[in-house]
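Engineer: Using the working numbering, the final residue of the first sequence is 136, and nothing's skipped along the way.
Keep in mind that a hint or two might mislead.
To be verified - As a list, the in silico DSSO-like pairs of lysine-lysine whose alpha-carbon atoms are at most 27 Å apart: (1) Lys7 <-> Lys20; (2) Lys7 <-> Lys17; (3) Lys75 <-> Lys100; (4) Lys54 <-> Lys20; (5) Lys66 <-> Lys7; (6) Lys100 <-> Lys66; (7) Lys20 <-> Lys100; (8) Lys54 <-> Lys100; (9) Lys7 <-> Lys103; (10) Lys20 <-> Lys103; (11) Lys7 <-> Lys89; (12) Lys89 <-> Lys100; (13) Lys7 <-> Lys54; (14) Lys17 <-> Lys91; (15) Lys103 <-> Lys66; (16) Lys20 <-> Lys89; (17) Lys91 <-> Lys20; (18) Lys103 <-> Lys91; (19) Lys100 <-> Lys7; (20) Lys136 <-> Lys100; (21) Lys103 <-> Lys75; (22) Lys17 <-> Lys66; (23) Lys103 <-> Lys89; (24) Lys136 <-> Lys66.
No lab work stands behind these hints: they were computed from the structure.
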Amino acid sequence: MNYWLVKTEPATFSWEKLEKEGISMWDGVRNYQARNNLRKMRCNDLVLFYHSGKNPAIVGLAEVVKEHYPDPTAKEGDWSVVDIRPVRKFKRNITLQEIKQVKILENMVLLRNSRLSVQPVGLGEYQNLLNLEQEK
DNA sequence: GCCAACGTTGGC
DNA sequence: GCCAACGTTGGC
């Protein structure tokens, strides 16, 4: 089992929309590194769902339900999508600001390469984030 | 709205 | 193959 994080502008595709749609196709990825990460996702892998823009934060947890297949929205090029579904909304948002303050999380791709929209998350990082959620 | 970081494009 | 120019992302 692997752990991931996907970023999205809430105006483009929000957590609320994911909950409303249920199983959703994660399309529109047009970055090779992000695409390659999509292709490494396996069914049942867990995906932290991150809102970028105003009040950047992890807001919920999703799950991969269908492994990669060609992106039907791509007019050209070799692009992929996966299907995800919402697992649960976090009981509170874990903000970028507080993630930055946790020493153990300083190597997260989220902080090291803030522009990568589909990124791996280490097991230790994942567990730490869940612990953070329980605090406060 | 600004700007840093990163990716892509295209001339040479 | 290098690099300047440009476009995009995303935090602030």
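Engineer: Next, verify each hint and record whether it holds.
Structural biologist: Checked hints:
1. Lys7 <-> Lys20: Answer holds: Lys7 to Lys20 is near 18 Å, not above 27 Å.
2. Lys7 <-> Lys17: The given pair, whose Cα atoms are some 14 Å apart, holds under the 27 Å limit.
3. Lys75 <-> Lys100: Given pair Lys75, Lys100 is violated - Cα atoms ~38 Å apart, limit 27 Å.
4. Lys54 <-> Lys20: Holds, because 22 Å separates the two Cα atoms, which is no more than 27 Å.
5. Lys66 <-> Lys7: Measuring from Cα to Cα gives roughly 19 Å; hence the hint holds.
6. Lys100 <-> Lys66: Outside the cut-off at roughly 32 Å; violated.
7. Lys20 <-> Lys100: Roughly 31 Å separates the two Cα atoms, so the pair is violated.
8. Lys54 <-> Lys100: This hinted pair holds, its Cα atoms lying about 16 Å apart.
9. Lys7 <-> Lys103: holds, 22 Å
10. Lys20 <-> Lys103: Distance ~35 Å between Lys20 and Lys103 Cα, so the pair is violated.
11. Lys7 <-> Lys89: holds, 15 Å
12. Lys89 <-> Lys100: Holds. Lys89 to Lys100 sits at ~21 Å (cutoff 27 Å).
13. Lys7 <-> Lys54: holds, 13 Å
14. Lys17 <-> Lys91: holds, 17 Å
15. Lys103 <-> Lys66: The hint is violated at about 34 Å.
16. Lys20 <-> Lys89: Holds. Lys20 to Lys89 sits at ~12 Å (cutoff 27 Å).
17. Lys91 <-> Lys20: With Cα atoms ~18 Å apart, Lys91 and Lys20 stay inside 27 Å; holds.
18. Lys103 <-> Lys91: holds, 23 Å
19. Lys100 <-> Lys7: Within the cut-off at roughly 16 Å; holds.
20. Lys136 <-> Lys100: holds, 17 Å
21. Lys103 <-> Lys75: violated, 43 Å
22. Lys17 <-> Lys66: holds, 18 Å
23. Lys103 <-> Lys89: holds, 25 Å
24. Lys136 <-> Lys66: violated, 35 Å
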